[in-house]
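Chains as they are written, first to last, in numbering that gives the first Met the number 0: chain A, 0 to 279; chain B, 0 to 153; chain C, 0 to 269.
FYI, nobody ran anything at the bench for these hints, they're computed from the structure. Just so you know, nobody snuck in bad clues.
Capping the alpha-carbon separation at 20 angstroms, the derived lysine to aspartate or glutamate pairs in DMTMM-like fashion look like this:
no., chain 1, residue 1, chain 2, residue 2
1, B, K26, C, E104
2, C, K231, A, D29
3, B, K58, B, E107
4, B, K26, C, E91
5, B, K84, B, D113
6, A, K45, A, E180
7, A, K45, A, D172
8, B, K129, B, D113
9, A, K151, C, E133
10, B, K26, C, D187
11, A, K220, A, E180
12, A, K69, C, D144
13, B, K58, C, E91
14, A, K151, A, E114
15, A, K69, C, E133
16, B, K138, B, E150
17, B, K58, B, E68
18, A, K69, A, D84
Stretch by stretch, here's where chain B covers chain C in the computed footprint (C-beta under 8 angstroms, at least three residues):
no., stretch
19, 43-54
20, 163-170
The structure displayed is predicted, hence computed values, not measured ones. Glycine included, every Cβ here is placed at the ideal spot set by N, Cα and C.
What follows is each chain in one-letter form.
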Amino acid sequence: MPDTRLPVAPAASRCPDIAVELDNVTFGYDARTVLSGITMSIPRGKVVAIMGGSGSGKTTILRLIGGQLKPRSGRVIVAGQSVPDLDREALFEMRRGLGMLFQFGALFTDMTVFENIAFALREHTELPEEIIRDLVLMKLQAVGLRGTAPLKPAALSGGMARRVALARAIALDPMLVMYDEPFAGLDPISLGVVGQLIRRLNDALGITSVVVTHDVYESLKMVDYMYFVAEGRIVAQGTPAEIRASDEAYVRQFVDGEADGPVPFHDPAPAYADDLFAHD
Amino acid sequence: MNRSTIDLWVGIFVTIGIGAVIFLALKVGNLNSVSSSPGYRLQADFENIGGLKLRAPVKAAGVTVGRVEAIKLDSKTYQALVTMKVDNGYQFTADTIASILTSGLLGEVYVGLDVGGDTKMLADGGRIGKTQSAVVLEKLIGQFMFSKAAEGTK
Amino acid sequence: MTSAAFLGLAHVLRRLGAGTLAFITRLGFATRFALAVIRNSPAAVRRIHLTLRELYFAGVLSLIIILVSGLFVGMVLALQGYDVLIRYGADESLGILVALSLVRELGPVVAGLLFASRAGSAITAEIGLMKATEQLSAMEMMAVDPMARVVAPRFWGGLIAMPLLAALFSTLGIFGAYLVGVKLIGIDAGAFWGNMQAGVDFRFDVLNGIIKSFVFGTAVSVIAVFEGYVAKPTAEGVSSATTKTVVVSSLTILALDFVLTVFMFRGLGV
Ligand SMILES: Nc1ncnc2c1ncn2[C@@H]1O[C@H](COP(=O)(O)OP(=O)(O)OP(=O)(O)O)[C@@H](O)[C@H]1O
Ligand SMILES: [Mg+2]
Numbered sequence: 000m001p002d003t004r005l006p007v008a009p010a011a012s013r014c015p016d017i018a019v020e021l022d023n024v025t026f027g028y029d030a031r032t033v034l035s036g037i038t039m040s041i042p043r044g045k046v047v048a049i050m051g052g053s054g055s056g057k058t059t060i061l062r063l064i065g066g067q068l069k070p071r072s073g074r075v076i077v078a079g080q081s082v083p084d085l086d087r088e089a090l091f092e093m094r095r096g097l098g099m100l101f102q103f104g105a106l107f108t109d110m111t112v113f114e115n116i117a118f119a120l121r122e123h124t125e126l127p128e129e130i131i132r133d134l135v136l137m138k139l140q141a142v143g144l145r146g147t148a149p150l151k152p153a154a155l156s157g158g159m160a161r162r163v164a165l166a167r168a169i170a171l172d173p174m175l176v177m178y179d180e181p182f183a184g185l186d187p188i189s190l191g192v193v194g195q196l197i198r199r200l201n202d203a204l205g206i207t208s209v210v211v212t213h214d215v216y217e218s219l220k221m222v223d224y225m226y227f228v229a230e231g232r233i234v235a236q237g238t239p240a241e242i243r244a245s246d247e248a249y250v251r252q253f254v255d256g257e258a259d260g261p262v263p264f265h266d267p268a269p270a271y272a273d274d275l276f277a278h279d
Numbered sequence: 000m001n002r003s004t005i006d007l008w009v010g011i012f013v014t015i016g017i018g019a020v021i022f023l024a025l026k027v028g029n030l031n032s033v034s035s036s037p038g039y040r041l042q043a044d045f046e047n048i049g050g051l052k053l054r055a056p057v058k059a060a061g062v063t064v065g066r067v068e069a070i071k072l073d074s075k076t077y078q079a080l081v082t083m084k085v086d087n088g089y090q091f092t093a094d095t096i097a098s099i100l101t102s103g104l105l106g107e108v109y110v111g112l113d114v115g116g117d118t119k120m121l122a123d124g125g126r127i128g129k130t131q132s133a134v135v136l137e138k139l140i141g142q143f144m145f146s147k148a149a150e151g152t153k
Numbered sequence: 000m001t002s003a004a005f006l007g008l009a010h011v012l013r014r015l016g017a018g019t020l021a022f023i024t025r026l027g028f029a030t031r032f033a034l035a036v037i038r039n040s041p042a043a044v045r046r047i048h049l050t051l052r053e054l055y056f057a058g059v060l061s062l063i064i065i066l067v068s069g070l071f072v073g074m075v076l077a078l079q080g081y082d083v084l085i086r087y088g089a090d091e092s093l094g095i096l097v098a099l100s101l102v103r104e105l106g107p108v109v110a111g112l113l114f115a116s117r118a119g120s121a122i123t124a125e126i127g128l129m130k131a132t133e134q135l136s137a138m139e140m141m142a143v144d145p146m147a148r149v150v151a152p153r154f155w156g157g158l159i160a161m162p163l164l165a166a167l168f169s170t171l172g173i174f175g176a177y178l179v180g181v182k183l184i185g186i187d188a189g190a191f192w193g194n195m196q197a198g199v200d201f202r203f204d205v206l207n208g209i210i211k212s213f214v215f216g217t218a219v220s221v222i223a224v225f226e227g228y229v230a231k232p233t234a235e236g237v238s239s240a241t242t243k244t245v246v247v248s249s250l251t252i253l254a255l256d257f258v259l260t261v262f263m264f265r266g267l268g269v
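Just need the whole structure built from these sequences, with the hints factored in.
Okay, here's the thing in structure tokens:
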């Protein structure tokens, strides 16, 4: 790689209080533009929610932060480093401090629950087996599933698998954890428990949390700041108190769950009537 | 499946696999016999080698003692020059006769060595003086027909 | 009319050109991928238990099909071979006929084909499914390289298993021929083994057969991990990748076999 020194990051990103910063990021898969100018900053030690309709690009934002995708333009800065400019080694180094709960769990199906959670510990540390065992059981206890340790992921229900994936995401005690839909498929009781768990982990270990979710009520209860994404942009942001009080149409649509509003329910497509009569 | 069970099975698999390779090498192939063992070379000229091929056996009294290593045409004498590699354990007298023989009507072609009474032995690179060429069936039949025809006209 | 035909021809040519280009691009990509696998192989050695695990899946689990097929192929070869040889009174050459067929050709090739459909397809399906369910993505996000952790052990497991399986196939085949030829038909056991040993050369026949099986094992393993790794992350994607592994591996084995045979047995006067 030629030595293209990165442009100096803006003052805010070098400030140690900012864990993640996205600056005017655009991104698209092939021809389709998904993000057109996202700017957000996630302070260290806070729980920040990213909300938005289905397909609005929330998962894509997390992948950009984790360095799995490179933005078309704009900057992605994690802990003061520009992620797209990291080489493979530096990227992996950064990811060791990163935990991610995948939207669909992504548990390793050929390993037991125990092995899943021990995976990162075994790969990245030389800890003795007893300590790994203790750590794994601790994480499992935190999500209330210590009894499932010897099971294969196939034997878990959807909600249980999600909690196991959550335990795996925090196995290495990362400094930044990204949760992609942690509440999906959970019953109301575990939903509350997981919400509180994210909050507690955040406060007790001083980690930074990014929570992608649809669940406005649950997030209003536990997050410090919220971003609303629609049509590839941030359309609203604020603390829970500000969000509750806000009368912005986007926010109201989400909070009140109305089908009609600025966030279109339909994916962009030619006019319905045109499609229906296209054969003429 | 726990790790030690896997290790055990893999161990069994590798063992029998290597066992199979050894079986193929020793029992099926001839790793333990002449061709790969150190040997010395003998040469012989033949009028006609018939269907002799490289690696054909060299036999004395029916025992394989070596293999044909090279076959060339001598550009001066227009005879076939056959180089044989013979096992070190066997010595042959200087008046040995080499013949091109066939086992059975359609069997493999080999070089047969018939030992004489000389006291001198052939050394490495030695040349076998007396040779007997291959019996070429077509020629035999041709001769037979010719003589029969000659008889018939009488 | 003629202009339509011309357009049709142009279309066909364009398709053909695009197909060829796509094929060559894919071949280049596969080669680059294979090099990446080799580069990541030290990790597979360091985590030897992962490779042993794959050796178990590729090798031990293929044992039954390989052993049984080998036995039957050998028995059939003996029956058919005897039927022909006896016409020329050369029934004692049965041993060498069977041994040479197995050691030079059938062992590596048939074991390779069975290996491709038994182990190769399993490897592709497994990696493809891990990709479709984001397990590979998750691994990357955990700073673990799937090339080192998932792909390289499977590659080496397959590579090591294949020559051993081919040798076992040939061995069982020869044993099957022995059963039919000697025990059933009654050919003299001494002649059976003796002719075989006299006619089968270690370096030219046995070793060349082993080299073939090594080459086939490498080819099948590369194809299997590659197809899995580049599979579309959907159910159809994985299923078509699995099919592709079997088809491409089989054709590759047969083509390589021809090329290797030309090089190995040329100039033997055979
Ligand atoms: N691998 C991909 N290839 C092409 N397009 C993709 C890919 N992944 C996502 N997209 C598109 O990008 C857009 C944003 O996807 P993304 O997964 O980020 O949405 P999301 O906000 O996480 O949605 P959800 O809430 O349903 O998970 C979608 O329109 C989707 O069609
Ligand atoms: Mg998503």
